[in-house]
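Undergrad: Each step along the sequence shown adds one to the number in the numbering used here, with nothing skipped, and position 278 is 307.
Some hints here could point you the wrong way.
To be verified - Derived CB-CB ranges, DEER-like: (1) ILE229 - GLU537: 36 to 44 Å; (2) ARG365 - GLN431: 31 to 39 Å; (3) ASP516 - ASN68: 35 to 43 Å; (4) SER429 - ASP463: 18 to 26 Å; (5) LYS119 - GLN46: 21 to 29 Å; (6) ALA187 - ARG266: 26 to 34 Å; (7) ARG365 - ASP454: 26 to 34 Å; (8) SER79 - ALA284: 57 to 65 Å; (9) GLN478 - ASN223: 55 to 63 Å; (10) ARG220 - GLN541: 33 to 41 Å; (11) GLN431 - LEU162: 54 to 62 Å; (12) GLU537 - THR451: 17 to 25 Å.
Calculated from the structure, these hints are not laboratory results. Yeah, the Cβ is synthetic: ideal placement off N, Cα and C, and Gly gets one too.
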Amino acid sequence: MNRQIIVLDTTLRDGEQVPGAKLNMQQKLEMAEQLKRLNVDIIEAGFPASSRGDFEAVQAIAKKVGDQVGITALARAVKTDIDAVYESIKLAQNPLIHIVLGTSNIHLDKKFNRSKEAVLQMGVDAVKYAKTLLPHVQYSTEDASRSEFEYLWSTIEAVVKAGATMINVPDTVGYAVPEEFGDLIRRINERLKNLNDEVILSVHCHNDLGMATANTLSAIKNGADKIEVTINGLGERAGNASLEEVVMGLKVREAFYQSYTNIQTTELHRSSRLVTYLTGLDVQVNKAITGENAFAHSSGIHQDGLLKDKQVYEIMSPEEVGADSMELILTARSGRHAFKNAVERMGFDTSDNEDFEKLFERFLALADSKKEVYDHDVFYLVTNHRTVENTSVMLYELVSFQVISNDLHPTASVTLKKGEDTFQDSAVGDGPIDALYTVIKNMVGLDVQLKDYKITSLSRGKDAIGRVNIRMEYEGKTYAGRAMDTDIIKASAHAFLNAINAALLEAEQEKQEMAAT
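Whenever a hint applies, use it, and build me the whole structure from the sequences.
TA: Pasting the structure below:
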C-alpha cells in the first residue's frame, strides 16, 4: 500500500531568510492563503522569537488559515523561544512546536562550546517543557548529516522518550549525497519504529551541492514520512529542497516510490509565480516544473515527436502543474464577468465587491494602455493590488516625474509626497535611471546604496508590462523593491521607493519594539 507523505512548507520561515526576500504582513498572509490552496499539510510560518513583527505575522497566519492547515514555527531549545511559538500558534486547530538543536561535533564544539551530554539534556528539557504546552512537538537534529551516528541516535531516543512526536533529520549544509542520506534515514527509521512506531520521521534538505531534491526522494524511499520543502527551492545559500520537484517526482514515479502527497499540483505554477513576485527572486528559465522553459520544445526532432504524441517528450503535462497551454486574452471590452472569471481561475477571491471594483478599474486602465491583457498581466495586476500594506507610518509616494535622456547630462525631476508634505527636486546622473535614483535618494535623505537592478518583461507585445526588481543596502541591511508598469521608468521609480519605504517600515517597527521593552 502506498504511503502518504506529509508536506511541511517552510517558505515563510527558511525561505524568507534569503537576504532581501523579507515579506511584510500582508504579503505573508497572501502566501499563506496560496499554501492553503496548494493543500500543504503544515505551514512553518516563521521564527516568532526573532522579532515582534515575526511573532505577529505567525499569529495572523494561525488565525487566517490555521483552521484548515497545520501551523508550526521555529524555536531554539530555550524556554522563551518555545513560549513565543506557543503564544503565536495556539489558536490554530493543529499547532505544532518545532525545536531545533545541533548534534554534529562542529556545532557542539564551535557553536555551543558544551559537552555532548549537556547539549542532549538541553534538548530533553526543551521537549519536556514544550509538551506541557502542546501535545505535538517536533525535534530537529540540526546538521544531522555530519553527526556521529550513535550520538545522533542517542539524542533522538532521549527526546522521543521525553515526548517528541516528530523527529526531523536535516541535511543543514547540503553535505549529504543520496545513497548516504538514504542509508542514514533507513538506519534511524528501523530503530525509531522499534522505539515508538507512532513517531513521524521527517527530513529537511539543503541544496549546497545541488542534491536537495535527490536526497529528499532518497529519504522517502528509505522510510521518511514527512518532508520539509519550499516553493522554488527558496532558502539560505543555495536554498532548500524544491516542493514542486519533490511532489512531482513522487507523482510521476509513484510506482517506484510507492508514496504520494495530497498537494493540489495544479496550484504549483501559481505558487511559484506568487513567490517570485513577492520576493523579487526569479527562477531559472530551465528549472524543473516551474521554469519558463520547463515545457518548451525548440528542437525540430522534439517538435515532430510531440506533434505525433505528447508522451514522446513529455512525462507530465503543463496542465498538471497549473501551467496553462492556452492563455485567455482580455481587452477593455471584455467586461466584469470575463475579468472576474480570469481572476478567480487564478485562485484569487473576488467576494469583496468594493475591492473587486477597485481592481476592475485598474484593469480597465491597463487594458486601455495595453490593448490586450494576458494571464501574466492579470496575475501581476492582482498580486500588486493585494499586497499593498495598510500602515499608519507615513511613506513616500510618487506624484510625478520627468526624465530626460541624452549623452551629455541625463536629468530627472521628481515630485514626492509624504503625508501632507510635498517635495520637488532635480538631479543629473550617468544615465536616466541613475539620475532618477540620485534625485530620489537626495530627497528622502537616506544613505542607501543600489546593489542590483533588473528589468523583466512579464508579457508580450509592444505594450508589455515590465517588472523592475531592485536591491538596495541601508545601514548594513538589504531591502528589495519591485514594481510593474507599462512605463519602465515609472516602474523603476516605484521599485526604488518601495525599497525605501520597506526600510522606513522596519525602522519604525524596531522603534516600537524598543519602546515596548
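Undergrad: Are any of the numbered hints broken by this structure? If so, which, sorted upward?
TA: 7, 8 and 10
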